[in-house]
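Residue numbers (numbering that gives the first Met the number 0): 0 to 163.
Among the clues, some could well be false.
Unchecked claim - Taking lysine to aspartate or glutamate pairs in the DMTMM-like style, the calculated list, with each CA pair at most 20 Å apart, reads: (1) 146 - 123; (2) 162 - 84; (3) 110 - 37; (4) 110 - 123; (5) 137 - 114; (6) 146 - 73; (7) 89 - 48; (8) 89 - 73; (9) 89 - 37; (10) 158 - 71; (11) 146 - 75; (12) 137 - 126; (13) 52 - 106; (14) 146 - 37; (15) 146 - 71; (16) 146 - 84; (17) 35 - 98; (18) 146 - 126.
Claimed, not checked - Pairwise CB distance ranges (calculated): (19) 104 - 65: 34 to 40 Å; (20) 66 - 115: 31 to 37 Å; (21) 100 - 52: 23 to 29 Å; (22) 35 - 65: 30 to 36 Å.
Since the hints were derived computationally from the structure, they do not count as laboratory data. Ideal Cβ positions, reconstructed from N, Cα and C, are used throughout, including at glycine.
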Amino acid sequence: MKIAIVIAGLIVVAAAVLVTVQPGFLKPASLALVKKSDILGFSPGMTFEETNKVVTQRRYRCRQLRDSYILECEVDGAKVTIFSDDVDPKHPIWRVNAEVNNPGPQDAAVKSISDQFNAQPTRDAREGWIWTVGRGLKLSYDGAALKLVDEAEEIRRGKQEAKR
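Turn these sequences into a full structure, and let the hints steer you where they fit.
Put into structure tokens, the structure is as follows:
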């Protein structure tokens, strides 16, 4: 009996040491691959109701533009614009733009964004830096603003605009 207690104690101590040395040890492997896919809590695919909950919980100052499902928010010195689908009854977000006032050096911003979203960027002549984050989401940064979009929805909207 005493031996079992000693062995159990050694296992507990070994686990505590392992967690101290390697904090991610107890995290499920599925969480290790999870990437950030939002800007200030807003992400394409969220319904308008979910968006309003984020605004309320985080006490963001936002206003809804007249006759639309577009929200403009002022968050920590950044102007955040959230575009939601007007037609779908749940009004899911399809684009989030965040204009940053003082982004600092572009290289540092790109590295910070890469670290936050756990993704590597590619360089695009028109859009600046581009990351693939989440399922079907594209994040771009041009030195002054971040844009997070649902790629499929943006392509669909682009085709609709071309038809007009």
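For each hint, the structure was consulted:
1. 146 - 123: 14 Å, holds
2. 162 - 84: Holds: residue 162 and residue 84 sit about 18 Å apart, inside 20 Å.
3. 110 - 37: 17 Å, holds
4. 110 - 123: 16 Å, holds
5. 137 - 114: Holds: residue 137 and residue 114 sit about 16 Å apart, inside 20 Å.
6. 146 - 73: 16 Å, holds
7. 89 - 48: 8 Å, holds
8. 89 - 73: The hint is violated at about 24 Å.
9. 89 - 37: Within the cut-off at roughly 19 Å; holds.
10. 158 - 71: 26 Å, violated
11. 146 - 75: Distance of about 17 Å is within 20 Å: holds.
12. 137 - 126: Status holds; Cα separation ~11 Å.
13. 52 - 106: Violated, at about 34 Å.
14. 146 - 37: It holds: about 10 Å lies between the C-alpha atoms, which stays within 20 Å.
15. 146 - 71: Within the cut-off at roughly 14 Å; holds.
16. 146 - 84: 16 Å, holds
17. 35 - 98: Holds, because 19 Å separates the two Cα atoms, which is no more than 20 Å.
18. 146 - 126: Between residue 146 and residue 126 the Cα gap is close to 10 Å, so the pair holds against 20 Å.
19. 104 - 65: 34 to 40 Å: 38 Å, holds
20. 66 - 115: 31 to 37 Å: 35 Å, holds
21. 100 - 52: 23 to 29 Å: Since residue 100 and residue 52 have Cβ atoms about 26 Å apart, the given range 23 to 29 Å holds.
22. 35 - 65: 30 to 36 Å: Holds, at about 32 Å.
The structure does not agree with the numbered hints 8, 10 and 13 stated previously, though it agrees with the rest.
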